[in-house]
Amino acid sequence: MRIELQNFTKRFGDTTVIEDMSLSVASGEMIALLGPSGCGKSTTLFAISGIHRIDGGTLHFGDRDVTRLPPQDRPVGVVFQNYALYPHMSVAENIGFPLRVQKLKPAEIKSRVGEMAELVQIGNLLKRKPQQLSGGQQQRVALARALVRKPDVLLLDEPLANLDAKLRLEMRSEIRRLQRETGITAILVTHDQIEAMSMCDRIALMKDGRIEQISTPAEMYERPASRYVAGFLGNPPISFVNADANGRLAFGDNALPLPSGIAAQGPVVIGLRPEHFGPQHQGPCVSGQVSFIEPQGREDLIDVTLPDGQRLRAIVPAGHDVALGQTVNWQVDLSRIHLFDAEGARL
Amino acid sequence: MTTSLKGNWLLILALSLISAPLVIMYGFQLIDSVSRPAPGGIIPQEWELTNWRFLWERIDSARPSIWRVTLNTFVFASATALLVCAFSITAAYALSRLNFPARRFFLAGLIMLHAFPTITLIIAIFIVLQFLGLYDSLIGVILVKAALELPFGIWIMKGFYDSVPWEIEMAGVQDGASRFRVWRELILPQVKPGLSALLIFSFLAGWSEFILPLVLAPGADAQVLATYMNAVIADDTRPDYGLFKAIGMFYALPVIAVYLLFQKRLMNIYGGGTKG
Chain A
1 MRIELQNFTK
11 RFGDTTVIED
21 MSLSVASGEM
31 IALLGPSGCG
41 KSTTLFAISG
51 IHRIDGGTLH
61 FGDRDVTRLP
71 PQDRPVGVVF
81 QNYALYPHMS
91 VAENIGFPLR
101 VQKLKPAEIK
111 SRVGEMAELV
121 QIGNLLKRKP
131 QQLSGGQQQR
141 VALARALVRK
151 PDVLLLDEPL
161 ANLDAKLRLE
171 MRSEIRRLQR
181 ETGITAILVT
191 HDQIEAMSMC
201 DRIALMKDGR
211 IEQISTPAEM
221 YERPASRYVA
231 GFLGNPPISF
241 VNADANGRLA
251 FGDNALPLPS
261 GIAAQGPVVI
271 GLRPEHFGPQ
281 HQGPCVSGQV
291 SFIEPQGRED
301 LIDVTLPDGQ
311 RLRAIVPAGH
321 DVALGQTVNW
331 QVDLSRIHLF
341 DAEGARL
Chain B
1 MTTSLKGNWL
11 LILALSLISA
21 PLVIMYGFQL
31 IDSVSRPAPG
41 GIIPQEWELT
51 NWRFLWERID
61 SARPSIWRVT
71 LNTFVFASAT
81 ALLVCAFSIT
91 AAYALSRLNF
101 PARRFFLAGL
111 IMLHAFPTIT
121 LIIAIFIVLQ
131 FLGLYDSLIG
141 VILVKAALEL
151 PFGIWIMKGF
161 YDSVPWEIEM
171 AGVQDGASRF
181 RVWRELILPQ
191 VKPGLSALLI
201 FSFLAGWSEF
211 ILPLVLAPGA
221 DAQVLATYMN
231 AVIADDTRPD
241 YGLFKAIGMF
251 YALPVIAVYL
261 LFQKRLMNIY
271 GGGTKG
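Chains as they are written, first to last, in UniProt numbering: chain A, 1 to 347; chain B, 1 to 276.
Errors might be hidden in some of the hints.
Quick partial rundown of chain B residues pointing at chain A, CB under 8 angstroms, derived from the structure [to be verified]: (1) A86; (2) D162; (3) M170; (4) V173.
Just so you know, these hints were derived from the structure itself, not from any lab.
Using N, Cα and C, we set each Cβ at its ideal position, and we do this for glycine too.
Based on the sequences and whatever the hints tell you, model everything.
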């Protein structure tokens, strides 16, 4: 089911949280609303679910206008950050609750609950109470409950935030598997770039109630639309260096040639990802002093402080003989650098 | 536990010292109700049950039977408790969850009423009841007592509702249930510990109420145990303290029983609604 949010505005009292935002999600697509806390991503999610009233704009599911529909009547399943399982009900009763509300026959409820429980692999836990389940199992119950009435849209609000690292990895692929198998249109709200990149077809990166960029994870990583986007994606994060563009990019004693096709003049910001800087690359060199080494096993993270005090970070394969304080002259993969103007827009 | 044994003994000793006067009072109330001490003394001389004669005979032809009065008290206390609970679970839900005009005003009003010395209202209440034709009737006192207990009940229940996560409610709505159904099937079960504690508390409050029945229902028909006891001791030219103690014991027994039975649930109310 296609989701079309147009000119969406949301106000809480006098403060406008989101103004004139548009978002369209293709049928069967999984999209991430990514952003720091307070950027309006959960607000958007709950506006789509119907819990928050939409103050301006329209929302369509397919051809159907659902802008004024109460949450009960929207074909939407929601998974909450804390799962919101009903503590006094067993797993089976939890999953079956949406069906009981629809007044289905007990036999049918039972078979559909069983079916759903198999899909999320908790068929053996149906009699337990939520308190007796691990975090991952609770998450599966929440997913089953959200999907059991066969909604057109699945909304996930920080579904992995309450899980430990190992379970998070497991549930990441599990949620994606469920979404693919059911072919449901899904929106994931997260502040974790890795979750967004690994689980979703497209990412909408939000900032202050606006969508900063919306594109596929690879596109967003390779061609960030702004300095903000470039800084948000990537771990370890991208390094930014202030430079002066005047036929070439000069910073301190170092200079890089302007990448072809870019005409820039005056102060610019160079964005250089750590994996595109280091002795293993081909290209022009930047020299500086090694100021920090963080071993990671397969590779090391190395900070290089440039003569003018700015800092670049490099990922260098393990087995190098770089020492702290050493002066290095390392290559930059020039085709992969990002240039932004003083306002942060991509050049 | 063994390491803190010494500390425990000190604690127990201190608590025993403090509670000794109360325990002695209760003890003698029981002993005196079934014995006859020497005049002016406290040592029981002989054991007898004559003080408990009120249970099987009229102690005074002008007085209603004890069972009638007990029934009155029971009806008074349970009706009060039910009314308080019925209004508290709905009003507290609204105050905790719904955004309606003047919500803050109602909240502030609740706290103020909760701390209000209700006795100062008694003349106004008297006039209102007189006007409504409910003066000197059990229904009148029940309504007044329930109304005065409500701020406490609503406040307590609001605390319990506040501790139920919002998401449960949102999930219920998203699952297609109406707000009412969400409240009844998903939220109410979460506040059950608070509800049962409130039920017991307001029952006990009704059971031990004295001033309201005394002023608002002084007649024999609506007499409750508290006013009955008062009448027994006040009317007599030659007060029978043994009888008075026996009635007092009889009056206190259900309270003691309720406390022993429901101790754990009653403590819930002071937990402010945390899981118990």
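Taking the hints in turn, this is what the structure says about them:
Interface hint status for A86 of chain B: violated, as the beta-carbon distance to the closest one in chain A is roughly 21 angstroms, over 8 angstroms. With its C-beta approaching chain A no nearer than about 16 angstroms, D162 of chain B sits outside the 8 angstroms limit, and its interface hint is violated. Because the closest C-beta pair between M170 of chain B and chain A is about 5 angstroms apart, less than 8 angstroms, the hint holds. Checking V173 of chain B against chain A: minimum C-beta separation of about 5 angstroms stays under 8 angstroms; hint holds.
In summary, the structure is inconsistent with hints 1, 2 from the numbered list given earlier, while agreeing with the others.
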